[in-house]
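K.L.:
If you read the protein sequences in the order shown, they are chains A and B.
According to the numbering used here, the first sequence is numbered sequentially starting from 1.
According to the numbering used here, the second sequence is numbered sequentially starting from 1001.
Certain hints may be false.
[Claimed, not checked] Simulated pairs of lysine to aspartate or glutamate, DMTMM-like, Cα-Cα distance not exceeding 25 Å:
hint: 1; chain 1: B; residue 1: K1205; chain 2: B; residue 2: E1159
hint: 2; chain 1: B; residue 1: K1098; chain 2: B; residue 2: D1083
hint: 3; chain 1: B; residue 1: K1128; chain 2: A; residue 2: E123
hint: 4; chain 1: A; residue 1: K10; chain 2: B; residue 2: D1198
hint: 5; chain 1: A; residue 1: K11; chain 2: B; residue 2: E1072
hint: 6; chain 1: B; residue 1: K1098; chain 2: B; residue 2: D1126
hint: 7; chain 1: B; residue 1: K1098; chain 2: B; residue 2: E1030
hint: 8; chain 1: B; residue 1: K1098; chain 2: B; residue 2: D1039
hint: 9; chain 1: A; residue 1: K3; chain 2: B; residue 2: D1106
hint: 10; chain 1: B; residue 1: K1131; chain 2: A; residue 2: D134
hint: 11; chain 1: B; residue 1: K1187; chain 2: B; residue 2: E1176
hint: 12; chain 1: B; residue 1: K1155; chain 2: A; residue 2: E6
hint: 13; chain 1: B; residue 1: K1098; chain 2: B; residue 2: D1064
hint: 14; chain 1: B; residue 1: K1098; chain 2: B; residue 2: E1176
hint: 15; chain 1: B; residue 1: K1131; chain 2: B; residue 2: D1198
hint: 16; chain 1: A; residue 1: K11; chain 2: B; residue 2: D1039
hint: 17; chain 1: B; residue 1: K1189; chain 2: B; residue 2: E1176
hint: 18; chain 1: A; residue 1: K10; chain 2: B; residue 2: E1072
hint: 19; chain 1: B; residue 1: K1128; chain 2: B; residue 2: E1107
hint: 20; chain 1: B; residue 1: K1205; chain 2: A; residue 2: E30
hint: 21; chain 1: A; residue 1: K10; chain 2: B; residue 2: E1030
hint: 22; chain 1: B; residue 1: K1155; chain 2: A; residue 2: E123
hint: 23; chain 1: A; residue 1: K10; chain 2: B; residue 2: D1126
hint: 24; chain 1: B; residue 1: K1098; chain 2: B; residue 2: E1124
hint: 25; chain 1: B; residue 1: K1098; chain 2: A; residue 2: E6
[Stated by the list, open to error] From the structure, some residues in chain A lie toward chain B, with a derived Cβ separation under 10 Å:
hint: 26; residue: S15
hint: 27; residue: E30
hint: 28; residue: F41
hint: 29; residue: V72
hint: 30; residue: M73
hint: 31; residue: S131
hint: 32; residue: D133
hint: 33; residue: R135
[To be verified] Which chain A residues face chain B? A few, computed with CB under 10 Å, are given here:
hint: 34; residue: K4
hint: 35; residue: R47
hint: 36; residue: G57
hint: 37; residue: R127
Keep in mind that the hints were calculated from the coordinates and are not lab data.
Built from N, CA and C at the ideal position, the CB exists for glycine as well.
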Amino acid sequence: MYKKNEQNLKKRLDSAARRIVESAALSEGEAQAIAASPFLFARIRNRIGVESAERTGVWANLGLESRRAIPVMALAAAVSLGLFLYINGNKSPNQTFSVDAYLGAGDSGIDSLVIAEKRLTDEDVLRTIVSRDDREAGK
Amino acid sequence: MRRDRENGREVITARASDGSQSEDQLSDSELVALTCQGDEAAFELLFERHKVRVVAIAGRFFRDHVEDIVQECFTRAYFALPDFSGEVPGSVGAWLAKIAFNTCYDEMRRRGRRRESILSELPEADAKTIKALTTEAGAESVAVSRDLANKLLAKLSPEDRLVLVLLDVEGLSVNEISRMMGWSVPKVKVRVFRARTDMRRLLQKFL
């Protein structure tokens, strides 16, 4: 009984909703009157003209900009390439970064880095240590 | 294609392949082809043929600025004409209707869900109308003003409103709505369910 009542209510509400949706629409007469407006197509034609001009303008501007940009980009690429070749050509093989020294392979970090950067030989290091030990012994 | 003034009336004429003049007898597909070639008069003729239908569609969703929607719709159609296949006869109307519904949907979403009025603030007469509408014989006999109907429908989401119009007014099936809006069938079904539920909930407040 309850279920039947509920279904009945649903049906009534749905048909009321349908009426509301239908009532929200323009009547045929109103639609005809709006469609008969003498300026409607003129407005559309105007809008199409504006949009066409905008679209053409965008492509034309893009073409113009790219025409200007291409030589500049080519120049920038040439300069970059020249700089790259110049730097690589002048670089001596001794100046390469020592990964072993940086990672401290076989020695402790900062000392190795200092040694690697200053190109100290083992003898230089030994001399430095000995002279430091001598200085401390002298104190 | 040529425009003449005949007895004070503007007539669009087309030259047939045999050289004879045929007046206003071009099919929609031929007009589409001519428009794509830059013939503005052909587009005007298409507009004249389909404008009432497009206005009616826009009028289902909007009370004001209907002309703006129609303008937007035909502008979109103009730029989309090269994509129109035109394989099915009479399909220009359906294609334009699809553009019109999509334009209305976009516009509703752009405007957002307007809460123009709070339901409890509806005049007593409107509340009575809605109550009468939900009675046994009410749906057939009670007149609903366009204003009141729009106030109620403004409570729905754009998707729900669109689905209700397509189902109840246009009489489209779920599959047709799916094709028209580019939504999946399950999405349409969910939308229909939600729209019906929301509408029932809305109306039940007046019982």
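K.L.:
Next, verify each hint and record whether it holds.
P.N.:
Here is how each hint holds up against the structure:
This hinted pair checks out: K1205/B and E1159/B have alpha carbons roughly 22 Å apart, not beyond 25 Å. At most 25 Å may separate the alpha-carbon atoms for a hinted pair to count; K1098/B and D1083/B meet this at roughly 14 Å. Straight-line distance between C-alpha atoms of K1128/B and E123/A comes to about 107 Å, which puts the hinted pair past the 25 Å bound. A hinted pair counts as satisfied when its Cα atoms are at most 25 Å apart, and K10/A with D1198/B qualifies at roughly 12 Å.
Our distance criterion of 25 Å between C-alpha atoms is broken by K11/A and E1072/B, whose separation comes to about 38 Å. Restraint check for K1098/B and D1126/B: not satisfied, since their Cα atoms lie roughly 34 Å apart, outside the 25 Å limit. As the CA atoms of K1098/B and E1030/B are separated by approximately 20 Å, the hinted pair is consistent with the 25 Å bound. Using a Cα cut-off of 25 Å, the hinted pair K1098/B and D1039/B holds, with the two alpha carbons roughly 23 Å apart.
For the hint linking K3/A to D1106/B, the alpha-carbon distance of about 40 Å lies beyond 25 Å, and the restraint is violated. Our distance criterion of 25 Å between C-alpha atoms is broken by K1131/B and D134/A, whose separation comes to about 109 Å. Of the pairs offered as hints, the one joining K1187/B and E1176/B holds, with about 13 Å between alpha carbons and a cut-off of 25 Å not exceeded. A C-alpha spacing of about 24 Å is found between K1155/B and E6/A, which places the hinted pair at or below 25 Å, so the restraint holds.
Between K1098/B and D1064/B the CA atoms are separated by roughly 21 Å; this keeps the pair inside 25 Å, and the hint holds. For the hint linking K1098/B to E1176/B, the alpha-carbon distance of about 11 Å falls within 25 Å, and the restraint holds. Between the alpha carbons of K1131/B and D1198/B the distance comes to roughly 16 Å, so the proposed pair stays at or under 25 Å and holds. For the proposed pair K11/A and D1039/B, the alpha carbon gap of about 52 Å is over 25 Å, so the pair is violated.
Distance hint between K1189/B and E1176/B is fulfilled; the C-alpha atoms sit about 12 Å from each other, no more than 25 Å. Using a Cα cut-off of 25 Å, the hinted pair K10/A and E1072/B is violated, with the two alpha carbons roughly 38 Å apart. Proximity of K1128/B to E1107/B is assessed by CA-CA distance (about 32 Å); at most 25 Å being required, the pair is judged violated. Between K1205/B and E30/A, the direct Cα distance comes to roughly 32 Å. Violation of the 25 Å bound is thereby established for this hinted pair.
A threshold of 25 Å between alpha carbons decides the hint, and for K10/A with E1030/B the separation of about 49 Å lies outside it, so the pair is violated. Restraint check for K1155/B and E123/A: not satisfied, since their Cα atoms lie roughly 89 Å apart, outside the 25 Å limit. For the proposed pair K10/A and D1126/B, the alpha carbon gap of about 21 Å is at most 25 Å, so the pair holds. The straight-line distance between the Cα atoms of K1098/B and E1124/B is roughly 39 Å, outside the 25 Å bound, and the hint therefore fails.
Restraint check: the Cα-Cα separation between K1098/B and E6/A comes to about 37 Å, which exceeds 25 Å; the hinted pair is violated. Checking S15/A against chain B by beta carbon gives a least distance of about 4 Å; that is within 10 Å, so the hint holds. At a threshold of 10 Å, the smallest CB-CB gap from E30/A to chain B is about 7 Å, leaving the interface hint in force. Annotation: F41/A was flagged as interfacial toward chain B, and the flag holds, the nearest CB pair being 6 Å apart, inside 10 Å.
Interface hint status for V72/A: violated, as the beta-carbon distance to the closest one in chain B is roughly 34 Å, over 10 Å. The beta carbon of M73/A is not positioned within 10 Å of any beta carbon in chain B (closest approach about 32 Å), and the interface hint is therefore violated. Taken as an interface hint, S131/A does not check out: its beta carbon lies about 83 Å from the nearest beta carbon of chain B, beyond 10 Å. A hinted interface residue such as D133/A counts as satisfied when its beta carbon comes closer than 10 Å to some beta carbon of chain B; here the least separation is about 83 Å, so the hint is violated.
For the restraint placing R135/A at the interface with chain B, the shortest Cβ-Cβ distance is roughly 83 Å, beyond the 10 Å limit, so the hint is violated. Residue-level restraint check for K4/A is violated (minimum Cβ-Cβ distance to chain B is 14 Å; threshold 10 Å). Evaluation of the R47/A hint against chain B yields a held restraint, the C-beta minimum of about 5 Å falling below 10 Å. For G57/A, the interface hint is violated, since its Cβ never comes within 10 Å of a Cβ in chain B; the closest pair sits about 15 Å apart.
Taking 10 Å as the C-beta cut-off, the interface hint given for R127/A is violated, the closest approach to chain B being about 81 Å.
Violated hints for the displayed structure, listed by number in ascending order: 3, 5, 6, 9, 10, 16, 18, 19, 20, 21, 22, 24, 25, 29, 30, 31, 32, 33, 34, 36, 37.
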